[in-house]
Every structure is written in structure tokens, then in C-alpha cells.
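**Q** Sequence:
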Amino acid sequence: MANFPLMSIVTTVFLYSSFNISVAVDFLTASQNLSDGNTLVSEKGFFELGFFSPGNSKNRYLGIWYKIIPISTVVWVANRENPLNNSSGILRINTTANYIVLTQNSTIVWSTKSLKQVGNPRLQLLDNGNLVLKDGNSREFLWQSFDYPTDTLLPGMKLGWDFKNGINRRLSAWKNSDDPSPGTLNMEMENHSYPEPAMWNGTQEFMRTGPWNGIRYSSKSNSGLPILVYHYVNNKNELYFSYQLINNSLIGRMVLNQSMFRREAILWSEAEKNWKVYATMPRDYCDTYNVCGAYGSCNIEDMPSCQCLKGFRPRVLEKWNLMDYTEGCVRNKPLNCSDKVGFAKFPGLKLPDTRLSWVNESMSLSECREKCLRNCSCMAFANTDIRESGSGCAIWLGDLIDIKVVLKGGQDLYVRVLASELDKKEASSVVIGIIVSAAVLIIAGLLLVGFYIIRSRKSLEGKELEGQEEDLDLPLFDLSAISNATDNFSNCNKLGEGGFGAVFRGRLTDGQEIAVKRLSSYSKQGANEFKNEVILIAKLQHRNLVKLLGCCIHEKERMLIYEYMPNKSLDSFIFDSAGRNLLDWSKRFNIICGIARGILYLHQDSRLRIIHRDLKPSNVLLDIDMNPKISDFGMARTFGGDQTEGNTRRVVGTYGYMAPEYAIDGQFSIKSDVFSFGILLLEIISGQKNRGFYCSDHTLNLIGHAWKLWKEGRPLELIDPSIGDSYALSEVLRCIHISLLCLQQHPEDRPIMSNVVLMLSSESALTQPKQPEFYMERDSFKVDSLLSRNESSTTNELTTTVLEAR
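Numbering (UniProt numbering), first residue to last: 1 to 806.
Incorrect hints may appear among the rest.
As the list claims (entries may be wrong) - With a Cα cut of at most 27 Å, we get these calculated DSS-like pairs of lysine-lysine:
1. K371 with K556
2. K494 with K340
3. K273 with K175
4. K568 with K494
5. K175 with K276
6. K276 with K408
7. K67 with K273
8. K310 with K220
9. K340 with K310
10. K333 with K310
11. K494 with K547
12. K689 with K587
13. K708 with K113
14. K708 with K770
15. K67 with K175
Treat the hints as calculated values from the structure; they're not laboratory data.
Model the full assembly from the supplied sequences, consistent with the hints where possible.
**A** Structure representation (C-alpha cells):
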């Protein structure tokens, strides 16, 4: 951290006298300071805050250590990257901004800022080792050291994410015993669909614990008498794990050890007056990340330790025989989508790397199997909760890597294999299952009839679609050509996945790049949606609509072939911490205007009056010049020339973008798209999602937050900070104003898109917006509560169909 002159930031700190406090003081006020040679002690004397020099170093650091232990053991360091070179350091509170400031010779060495301003701040060291800045009149923490750990995780500390405040609590080892600055060994909670803690050596993953299975992490055995109890939390506000000692009389900690390259759980031995290592990670050779390669399993009790899973063989046998397992394993026979497959059960495993996994917490294991079976890309599945009452489904959509046999622990993993490679016992189980299922179907005769009626209708839909191939007025591609272009739909070419299925990047033989939207067999979007999109978009030509190059219809396969958009979708920029920096205001305004022109074409200028019904950032693609193109017309509806609204029992769209009259009553019109455009406007301006938006000052969603700022005369606070000062003030204010006009509760109050386009391109006076719908606090949010009764659980933002009787 660079040094900054103290007077440029804190101008009042020198008004306070520089006196030394007593060791017995258990908190520091704004009129006190802590100098080198004095300490701040927790109430019961467990921990102590002060200045120290580690090992043989002469540098001085501000840190926290155990006071009740005779061996000096530091658990937290403030200025670990910016040491003091003498004993002139002073710690104090600045009341003008609620800073905790560490200075040396009037220069800031380390500082932190609280979340809000209070009148009576106090700095206190708690008996759990947590240094907190709080309001002396309440128990609320304004800042705490537990949110910024160094190399040590104390009982009650959290390793993981605080989404409200944008904090990632991670550990980093000391470089060595003389230098507490961060080494190369780090540990953090990986935040993806199936989270798990992992250790890294620099940029290389070193080991991982496996995901939480409802009881413990999947790499941990259930043997022995535990002295620690773990807690795992994963919700919209936080993602973390913590631990507590079962026996409160014990003193223990977890620490990253750079020299040993491991995480150690250490207990204090009062009898020996020394620290004793209770457990370590990695535990053995098999904990090393991906030591056996793809589809290889490591068992420390086997010789050799690495074995290919059943149905697989070493990719490079010569290297495998030389105990070089890095190339991993491949299938004995490659799998095709048309092959008859089953699932081989592998018990007692640490589950594979979860970065390419998909999770649904409410599915049963049988439903999970069916979902995996219907998806050619699914390589394996498992329960997410192994407790007796547990459920949950995790499926893996890529190669299975970093698998370990866990002695007296682990969990079951079901791996996709050819049916011919299943054991006879397993095959018999399949046969028995089929017989039982058939018996159940026969007994449930009425259900069977209903089932065949539904299947027949779907078959007719497919035949109807195939029968219209000649009438589609669109090039038809062979399945083999698309398969070759996408490298057989390789995961390496996957661009994304939604409710319809997956999108793949490809290259035709003439060199043209394409995007292939492949409808999955288990998608809720069936033949009608596919046919709808083909027929509609084939007749649409506009610079702000994505161009459809053709389609592919082969047996049950349905694919749409689009022009490839190198910059992917809008959400990958505005909701990404790095991507949003690439969108200055001029680019964002150009995108806003382009989307508006595209919607206007759909509503007014195309041969058909079209309502999109699923406008959202992920359905706005960006070409090489960052020009927007609206995509995904599977949910669109057409109107006659004089028709303005319709009604449906089948509400489709995405939570957070639906107009209130549509989400609740099924009434849709061109004003439904106008409402969705209003949400898009707010998200582009703010860089925040409407659904899941959080503000510490209130519990409103993004619409409510924008309305509150507008009414209070503070609309500019809505602007994404990454835009900087590049924006034109009048344009931003006008866009916020237009968005609120689009979000008004009653459809008749919202402008039509031709007026929106005019408002964006002129400086004419605008009417004042009325209070929008869906602005209320989240605990009374109508659409959320409505959909929560109907939606199937999902971990991603997917286009959703909600059925509601009318």
C-alpha cells in the first residue's frame, strides 16, 4: 500500500492529545490513541492488540495475539504489506469519517473505513479475537477484523463471501516467520453454482475440499471423534463456512503454513505448554488437485494410487505405466447421444471439481438421474445432501477431474457409461426397475392414457414441424454439418445455457462463424416455441435484431443457427466487475437506443406486430462494434394489425422483467415489452440486477431504489460508478426519467416505443412519472411471492413458464 500524507485525508486527528493508554483499557475512543509499547486487551484477557516484530525482523506491525498463551502467537496483522520501520506508530480513530488509522510520522500506513457515520465510535477487542469498530450506543459493528482475515481462521470466523457488502473473506499465508506479508498459498470459497473451498499456490489450484453434502465436505471422512463442528451457509446474502470447538475450554485455530504448503488445525496443549497439530490439509498425496487427470480416481491405499474409473482406460498408456497420470483417462468406447447408456455407481468419493456442474436443491435422486440421462453433455450426477431427509441434484457437464476415494466417508457418484459396460448385477437392477415401473403404469391406467395422449400431441407437433420444412423459407442445415462445426457440441465451444438448452460456437466449412442454439430434450420450450422462433425471426430483418441463418431438424434434434456475436450478451458486461469497465456512457447510450429501435421495429414496423415477452440483458447480444441485437423469439407472440393486447394462461418470461399485469393476471400487450425495457434501462445505467438488488439503507428492489432516489432528488446516485465522469448529465437524467415512465403501474400510462425512441433522441419536456409497480419491499413483493408458489427451483436466471388457472 502506498503512503499518503495524513493531512490530505484526515485534518482533525491532531486535535486529539497523544497520550498512552493503560493495558487494562478494553476499548479505545476517539479521544484516545494506541502507541507502540502499549496494548489493548479483550475484556477477559484472552487476546491482546498491539505492536510487534516477528521473528528476527526489526519491522513493526500492528497485530492481535493470544494473551493467555506464553508462546507468542499472532492471529491477525493490520499492516502486513506496509510495515513500520521504527516504534513511532500510532493507532487512532478519526470521527469525521469513522476511520481507524495507523500512522507513522504523520503518514497513513494502514486505514479502514466503517460502513456509516456515527457519533460515538469505539474500537474494542472482543474475547473471540475480533477487533471491532462500533457505535458506543449500540451493538452494531461498523467494521471488524473478522471480515479481513490474514493467515488464521479463529472459531466463529467466516471463510467466504458477504454479498451485501462485497467482501470476500479469504486466507493467505505469511511469506515466512519473519515476514507476515501474503505468500503464495491462499484459501478461499469458490463462488459458483456448487461452491467449495479451495487452496491455491499463486494462480495454480493446489487442492479443494469437495462441496458441502449436508453434513461435511465430501473429501472428509466420518471416522474418529470430532472436536470441531462445521457450519455452512449459502444464501443470497452470504456464502461461507465457519467452525466452532465442541469443547469451549479448548483453544484452537486454523492457519495456512507456507513452508509446509498446508492448512493446519492446531490445538493448545496446556500440559505441554505448546501447540499440537490436530489435522492437516492436504491429508495425503491423493488430495493434490487433479493428480490422476480426467476420469482418474486416486486411492491412497492402492498401488498404484491412480486408477481409471470403470469404463475408462489411460489416455496415454506409456505415461501411465511410468506413473505420469496427468493425461488422465478416456472412455473405452466414445459415447454418442444415440447410445444406450446407464450409470455406474461409485461409492465413497470426493465429488469431482464442481466448476462445470449444475445444481437444483429440490430434485430427488431419481429426478436427477432422469435429467442427466436426457442431456448428452451430462457426465455424472450425485445428491447434494446425503442426510436421510436430504435431496438435491448436482450434475456434471464436462470432464470429471480431481476424484478421490475417501476412506470411511465420501459419497455416491453416478457416472454415465454404456449400458453394455454395466455389471450384470447393475443390469439386473435396471431390468427389475423397468418391470416395477411397468407394473405401476399398468395399475395407473388412467394416468397411462393421459400420458400417451400428451406424448401423441408432442409427436404430432414434431411431425407438423417436420412437415413444414419446405415452408420455412429458411436454409436447412444437415446435423452432420452442425456437429462438425461445433466439434460434436464440445463443452469447449459452449457459449452458455438457458431454459431452452445450450448455445454452441461453431465454424462452417466456408469459414463462417455461427452460434448454434440446441433445444434440449428436457426443455420446457417445446416444438411450438421452436417453430415460433423459426417462423418469426425468419421474416424479420433489422440491424438491431439477431440474424437467423437457418435451422436443423433431425428426428428429435431441433437447432437454430445464428450469426455469431463475438461480444456475447449484454449481461456479461453490465453485471461483470471487469466487463462493466469496458462500457462507458456513450457505449451504454448507444446500446439503449439500439434496443429501443429494435423493439419499435417489432411493435410497429415489421410485417407482424410482435411482442417479445422475454426482454432481458441475456437476450441482447452485442456484435463486434458493441451494437445491440435482440435475440430469442421463442416466447414471442404476434398480433393482428389492429390488436393491442391479449390474455394467456401460460405466463412465460423471466422473473424481475415481467410487467405486473402480465405476471399476475396473464394480460400482455406491447406495453409489457415497454415495462421490460424500463427494467433494462435501469440495469444498464446502474450495473445492478433488479432481482436480487441489495442496498444497506432499505429493502427495496432496484425499481424501488430508483424511485426513492428520484423522489428525493438524488437520481445520479443510481449511476454505475464504473462509468466514471464520462457521461453526459442530461442524457443520463433523461434515461432515468424515461425508465420510470416505462415502469408505471398501469399499461395505459406507459409510453409506446415510438415515443420512447423520440424521447431518447430529443430534448423535449417529459411528463412526471407515477409511482411504479413492484417497487415495494422484498418481503411484500407480489411477483416473488406469486412465482415462489409455482416455480421449479433453479440456480440460474432462466426463462420460466408459470401455469396459473383462470
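**Q** Now tell me if each hint is right for this structure.
**A** Right, here's what the structure says about each hint:
1. K371 with K556: holds (16 Å)
2. K494 with K340: holds (24 Å)
3. K273 with K175: OK: K273 and K175 at ~26 Å, within 27 Å.
4. K568 with K494: holds (12 Å)
5. K175 with K276: holds (22 Å)
6. K276 with K408: holds (24 Å)
7. K67 with K273: With Cα atoms ~14 Å apart, K67 and K273 stay inside 27 Å; holds.
8. K310 with K220: holds (23 Å)
9. K340 with K310: Distance of about 17 Å is within 27 Å: holds.
10. K333 with K310: At roughly 12 Å apart (the allowed maximum being 27 Å), K310 and K333 satisfy the hint.
11. K494 with K547: holds (19 Å)
12. K689 with K587: holds (19 Å)
13. K708 with K113: holds (26 Å)
14. K708 with K770: holds (12 Å)
15. K67 with K175: Distance of about 24 Å is within 27 Å: holds.
Violated hints: none; the structure is consistent with every hint.
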